[in-house]
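Go ahead and model the full structure; you've got the sequences and the hints to work with.
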Amino acid sequence: MSAAAGFGGPDVAQVASGVVLIVAGALVLWRLVAGPSVLDRSIALDTLTSLCLIAVALVACVQRSGALLPVLLVVSLVGFTGSVSVARFAAGRDGLEVSAEDDSAGAAEGQDAQQARDAESASGGSNRGSGNDPVPPAGDAEPGAHGGAR
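Sequential numbering from 13 applies to the sequence shown in the numbering used here.
Treat the hints with care, since some could be wrong.
[Unchecked claim] Simulated restraints on C-beta separations:
hint : residue 1 : residue 2 : range
1    : GLY47     : VAL90     : 19 to 27 Å
2    : LEU33     : LEU89     : 20 to 28 Å
3    : VAL68     : LEU44     : 17 to 25 Å
4    : GLY37     : LEU81     : 16 to 24 Å
5    : GLY37     : ARG100    : 22 to 30 Å
6    : VAL68     : GLN127    : 24 to 32 Å
Please keep in mind that the hints were generated in silico from the structure rather than gathered at the bench.
Quick reminder that beta carbons are idealized off the backbone N, C-alpha and C, glycines included.
In structure tokens:
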């Protein structure tokens with residue numbers, strides 16, 4: 013019978029999830045021990061952290077309690093911080109420089125857009141307004157986006 017019927021025990025889906033978590037945990041532990049590089053071990057440790065998060069969430073689901081949600085939050089923040097730290101360490105060890113600009117999302121896209129605008133201004137803006145402009149200049153909204161005519 014299911015936990016919803018009032019018996020308070022885990023149902024089949026919860027037991028199956030637990031079994032899958034145990035098998036996945038064993039495989040990840042094997043990769044953690046046998047991983048040939050630091051990055052393989054780092055990925056295995058990150059995956060193990062995710063599996064622990066899922067296990068705690070499964071326990072909260074079986075108990076039908078929200079008391080474990082702060083634990084999930086703290087473990088996820090620690091796992092994220094650890095992953096970023098190991099990635100920075102590995103990048104620094106390999107001679108790669110990691111800067112704050114590299115960490116920001118979309119830095120490359122912003123540079124590509126700036127280069128396109130620079131190329132357009134260098135060509136005199138001859139294709140402005142022709143519909144062939146791949147990147148609109150900053151401040152230009154799409155037609156009709158501002159709610160009125162220009």
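Quick rundown of the hints versus the structure:
1. Restraint check, GLY47 to VAL90: a C-beta distance of roughly 21 Å satisfies the suggested window 19 to 27 Å.
2. A C-beta distance of roughly 21 Å is found between LEU33 and LEU89, which places it inside the suggested range of 20 to 28 Å.
3. Separated by about 19 Å at the C-beta atoms, VAL68 and LEU44 satisfy the suggested range of 17 to 25 Å.
4. For GLY37 and LEU81, the hinted distance range of 16 to 24 Å is satisfied, since their beta carbons lie about 22 Å from each other.
5. Separated by about 27 Å at the C-beta atoms, GLY37 and ARG100 satisfy the suggested range of 22 to 30 Å.
6. Between VAL68 and GLN127 the beta carbon distance is about 46 Å. The supplied range of 24 to 32 Å is therefore violated.
Consistency note: the structure conflicts with earlier hint 6 alone.
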